[in-house]
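Protein chains: 2
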Amino acid sequence: MNGRRRKHWGWGWADEQPSPDEVRAAAAGLREHLGFGSVEVEAPAPVGTLRAPRLEVPGTLAAICSVDAHTRATHSYGASYRDVVRGFRGAFDAPTDVVARPGNEEELEAVLEWAVAEGAAVIPFGGGTSVVGGVEPSVPDSYPGVLTVDVSALDRVLEVDSVSLAARIQAGATLPAIEEQLRPHGLTLRFYPQSFEFVTLGGAIATRGGGHFATGPTHIDDFVESVRALTPAGWWESLRLPSSGAGPSPDRLMLGSEGALGVITEAWVRVLHRPAFRAAAAVHFPTFWEGAAAARAVVQSGLRPANCRLIDPDEARLTFAGDGSVAILLLAFESGVDVAGTLMGHAVKLCREGGGTPVEPRGEGGGASEVWRESFFRAPYLRDTFVAMGVMSETFETAITWERFETFVSSVLGATREAVGHPGHVSCRLTHVYADGCAPYFTVVAPVARGFELERWSEVKRVASEAILAGGGTITHHHAVGRDHLPWYRSQRPQAFNRAMTEAKRAVDPGSAMNPGVLFD
Amino acid sequence: MNGRRRKHWGWGWADEQPSPDEVRAAAAGLREHLGFGSVEVEAPAPVGTLRAPRLEVPGTLAAICSVDAHTRATHSYGASYRDVVRGFRGAFDAPTDVVARPGNEEELEAVLEWAVAEGAAVIPFGGGTSVVGGVEPSVPDSYPGVLTVDVSALDRVLEVDSVSLAARIQAGATLPAIEEQLRPHGLTLRFYPQSFEFVTLGGAIATRGGGHFATGPTHIDDFVESVRALTPAGWWESLRLPSSGAGPSPDRLMLGSEGALGVITEAWVRVLHRPAFRAAAAVHFPTFWEGAAAARAVVQSGLRPANCRLIDPDEARLTFAGDGSVAILLLAFESGVDVAGTLMGHAVKLCREGGGTPVEPRGEGGGASEVWRESFFRAPYLRDTFVAMGVMSETFETAITWERFETFVSSVLGATREAVGHPGHVSCRLTHVYADGCAPYFTVVAPVARGFELERWSEVKRVASEAILAGGGTITHHHAVGRDHLPWYRSQRPQAFNRAMTEAKRAVDPGSAMNPGVLFD
Chain U
1 MNGRRRKHWG WGWADEQPSP DEVRAAAAGL REHLGFGSVE VEAPAPVGTL
51 RAPRLEVPGT LAAICSVDAH TRATHSYGAS YRDVVRGFRG AFDAPTDVVA
101 RPGNEEELEA VLEWAVAEGA AVIPFGGGTS VVGGVEPSVP DSYPGVLTVD
151 VSALDRVLEV DSVSLAARIQ AGATLPAIEE QLRPHGLTLR FYPQSFEFVT
201 LGGAIATRGG GHFATGPTHI DDFVESVRAL TPAGWWESLR LPSSGAGPSP
251 DRLMLGSEGA LGVITEAWVR VLHRPAFRAA AAVHFPTFWE GAAAARAVVQ
301 SGLRPANCRL IDPDEARLTF AGDGSVAILL LAFESGVDVA GTLMGHAVKL
351 CREGGGTPVE PRGEGGGASE VWRESFFRAP YLRDTFVAMG VMSETFETAI
401 TWERFETFVS SVLGATREAV GHPGHVSCRL THVYADGCAP YFTVVAPVAR
451 GFELERWSEV KRVASEAILA GGGTITHHHA VGRDHLPWYR SQRPQAFNRA
501 MTEAKRAVDP GSAMNPGVLF D
Chain C
1 MNGRRRKHWG WGWADEQPSP DEVRAAAAGL REHLGFGSVE VEAPAPVGTL
51 RAPRLEVPGT LAAICSVDAH TRATHSYGAS YRDVVRGFRG AFDAPTDVVA
101 RPGNEEELEA VLEWAVAEGA AVIPFGGGTS VVGGVEPSVP DSYPGVLTVD
151 VSALDRVLEV DSVSLAARIQ AGATLPAIEE QLRPHGLTLR FYPQSFEFVT
201 LGGAIATRGG GHFATGPTHI DDFVESVRAL TPAGWWESLR LPSSGAGPSP
251 DRLMLGSEGA LGVITEAWVR VLHRPAFRAA AAVHFPTFWE GAAAARAVVQ
301 SGLRPANCRL IDPDEARLTF AGDGSVAILL LAFESGVDVA GTLMGHAVKL
351 CREGGGTPVE PRGEGGGASE VWRESFFRAP YLRDTFVAMG VMSETFETAI
401 TWERFETFVS SVLGATREAV GHPGHVSCRL THVYADGCAP YFTVVAPVAR
451 GFELERWSEV KRVASEAILA GGGTITHHHA VGRDHLPWYR SQRPQAFNRA
501 MTEAKRAVDP GSAMNPGVLF D
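Those protein sequence lines, which keep their order, are chains U and C. The opening position of the first sequence corresponds to residue 1 in the numbering used here, with each subsequent residue numbered one higher. The opening position of the second sequence corresponds to residue 1 in the numbering used here, with each subsequent residue numbered one higher.
Honestly, the hints are just simulated from the structure, not real lab data. Incorrect hints may appear among the rest.
[As the list claims (entries may be wrong)] Below, computed lysine to aspartate or glutamate pairings styled on EDC-like, alpha-carbon distance capped at 16 Å:
| hint | chain 1 | residue 1 | chain 2 | residue 2 |
| --- | --- | --- | --- | --- |
| 1 | C | 7 | C | 68 |
| 2 | U | 7 | U | 197 |
| 3 | U | 7 | U | 68 |
| 4 | U | 349 | C | 338 |
| 5 | C | 349 | U | 338 |
| 6 | U | 349 | U | 290 |
[Stated by the list, open to error] Ranges between beta-carbon positions, derived for each pair:
| hint | chain 1 | residue 1 | chain 2 | residue 2 | range |
| --- | --- | --- | --- | --- | --- |
| 7 | C | 382 | U | 355 | 51 to 61 Å |
| 8 | U | 33 | C | 234 | 50 to 60 Å |
| 9 | C | 357 | U | 324 | 57 to 67 Å |
| 10 | U | 495 | C | 142 | 22 to 32 Å |
| 11 | U | 286 | C | 276 | 22 to 32 Å |
| 12 | C | 382 | U | 370 | 51 to 61 Å |
| 13 | U | 491 | C | 156 | 23 to 33 Å |
| 14 | U | 406 | C | 142 | 48 to 58 Å |
| 15 | U | 495 | C | 462 | 34 to 44 Å |
| 16 | U | 323 | C | 159 | 38 to 48 Å |
| 17 | C | 407 | U | 495 | 41 to 51 Å |
| 18 | U | 491 | C | 452 | 57 to 67 Å |
| 19 | U | 352 | C | 160 | 26 to 36 Å |
All values reported here derive from a predicted model rather than from experimental measurement. Yeah, the Cβ is synthetic: ideal placement off N, Cα and C, and Gly gets one too.
Given the sequences, and given the hints that come with them, work out the whole structure.
So, in structure tokens, the structure goes:
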């Protein structure tokens, strides 16, 4: 939309898709680096003809509703490996029926009212970057059809409060659009998930998204002052406050609601002056475990590094950040007053005491940090090439307390490696660190027989998820539950809490219109 | 219990109540300082004879249930001014019927099952320090009686995890008892509400209690890894995790549930090594507004002072922290590595730039900080004397974003001062500061005609609460809702959220046994 079209598969804009020759050249380089994958790249299939829409859009809503194949296809999957593979093959077997794109709250009310009256399933859609099946129109047959509500037209920063450092922002604004609108005020949201390019504020709130900073503020939860959302039972809007102790927080119920309670339309969020001071360093450790112990020492000392990302030797090699002989801890401090360097000095001292060797001069950018950062934001694009060359590529993540950490990661890596088999790679990094634990993030890259991708990944995911549950980790630290994690989430949520949440949902969504199949049974 | 008896009114232990002569001497000093209040101190009335218990305890539960007058009286009120006055006068018109003190979870299950079967109201009771009517057995006549469940026998630190810095602690453990049990491990919970002496962990979780530190971790929310609670529909226990993005968090629904969902029995909470480094300072400002602007500059610069408490000139004089000519900002930094002094240097620089004058050498303790701290923890005791001398003394608190701060505080102060009248005092301090706002905390001290205390306070509270709501502040930042704040909370909670919460409660408490009258209608 907005004149520019997203690809109907994979990551990015249609007009940025590399040519077949470029893909072939990239595949050759990747095969050289990985030792597997085919240089005979496959071409993506077109969308083709979709099943006829099962909902009939009333004339009054025709202007904001689309039923064309490209629009429906690009609103039927998210951005997981399964999604990319299915899109790549043109496999849109159960597409959404109608995509509405309301331009204001009145239009949203009208379209929601219509869909609820029809008994349709309603799936709120932000940037389409869910990696857990959160926007997939896979709903029970009892629904006569699926309406996807794309909020991308609600894309404005509506108010900027430079005194309190907060802004009222519409849910469909993408993170780059938010930064662009905050920049003239000298402000930033400073929220950088890997999906930064397409993620919307509303999507981040609905999924409790996490940014790439290692310590807070980094989860979207840290940013929210208030949320406004439309439920089938009416508007839900919390007071804008810096903090409140009045009962369980309404925002915390909407955070992570994954579209199952209503459509988020706007939020007041905290913003920041750009940090004036920054210090960065990379520290090598003989092993991942020593690096983790040092990262733990850093956060347990009370230091709150902006970046504290530990990459295991395999992943360092895979991402060109290292040669595979050492684990690398990327550290950064940011501050508004001139203390970033001092804080870094203390952190590096703790790392040295833990057996680490700093390898870069402290200071701005350069070296492993920059290589990693580049690789981080390029990864979603890279995966499209992997799919074309018959390489399975996906990530999964969790969180665990430190006292179980080493056993836990060993067990998850072991089980997943066994499921992946030779010559695949399963590597681990820490994306977030807490005084009491951390978030291990796993990457799988392995050859896969064409046509068997979904089956193979499904088996690997099952094994990995079971290992995570057996070790006491959460089924998701910042990727959300969606449809993909529901089987494991079921056994992790307190049963009394589930009963409470089921009834809470029924109270605001009595017809179960909202995103059926995520979070709730 | 535990052999030692709490006073049946006011704050503290019965064996620590000052003698009548001591109270008279204190009253004379306070009258001198305030310019009002009677030196003819009134003596507290005894408990007297209470209404007969309306519930008949079955023999199997007799060992853990009490129906004696002192036990019932000390479990019928919290610690608000209204509570102290009523206790002081021996006015226990509608006392709780039975107080159960289960020694373990099996006994808790048995007593809850019995009460639910009887249709009784069940009020979980921790330290009895609610200042919002949270534990008062004031329930509709449709309930045949009230059972108060005192969890104080569940008072153990059950596990200490020194690797992840966390501990599994029973809900009835008081904060001093927790510190005592953590001390041998070199650890501390470092959670210091003014009610520290009697507050229990479960009570803090149920009410989203706030500690005295100005920035996080200071709210109990910041400490919780997982919660275990018994609801009428069964156990509710979340996974112990450092963080999780799996749906709305179960802990966040239990945090602030005020006993209306179930009885919290234990929690995993984050603990800390005692900070090795500390720096403290006091800074004078010509006005409260300049002090607030400086406090805002400090937190917006990214500094996170452990203490950043701004006291207005009136309150400084009242608490002997100053002479009433200036506002005082008490600052402290604590750190595990040697940076507290450096951070303080930056904060003091920002204060100077904002028109402040540091008045104490930086470093440990002394001066206004110590006077303030002493006064802070002594305040609950002091109030007992105020009641005896005919002085009304109470506090109320809120939170507001910075851009509305000055107008808001002026308006709340103005309205409350008008309601209080001459020669009363209404003063303000900031207890917590955020980048986007702060928590103003108001103190009222005024003469009051004996016998008219409840009426007078009720009128002042009404005026103050309406001013808070009109200005957009929360009805409570860390005192909870209870029964006292419900009228204002009703208009502040999102209506769709209220519907959701009402059904969530019904799912786990179908008979509405749990603390009826708090939070929910």
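Results for each hint:
no., hint, verdict
1, C:7 x C:68, "holds, 15 Å"
2, U:7 x U:197, "holds, 14 Å"
3, U:7 x U:68, "holds, 14 Å"
4, U:349 x C:338, "holds, 12 Å"
5, C:349 x U:338, "holds, 12 Å"
6, U:349 x U:290, "holds, 14 Å"
7, C:382 x U:355: 51 to 61 Å, "holds, 54 Å"
8, U:33 x C:234: 50 to 60 Å, "holds, 53 Å"
9, C:357 x U:324: 57 to 67 Å, "holds, 58 Å"
10, U:495 x C:142: 22 to 32 Å, "holds, 29 Å"
11, U:286 x C:276: 22 to 32 Å, "holds, 28 Å"
12, C:382 x U:370: 51 to 61 Å, "holds, 59 Å"
13, U:491 x C:156: 23 to 33 Å, "holds, 29 Å"
14, U:406 x C:142: 48 to 58 Å, "holds, 56 Å"
15, U:495 x C:462: 34 to 44 Å, "holds, 42 Å"
16, U:323 x C:159: 38 to 48 Å, "holds, 42 Å"
17, C:407 x U:495: 41 to 51 Å, "holds, 48 Å"
18, U:491 x C:452: 57 to 67 Å, "holds, 59 Å"
19, U:352 x C:160: 26 to 36 Å, "holds, 29 Å"
In summary, the structure agrees with every hint in the numbered list given earlier.
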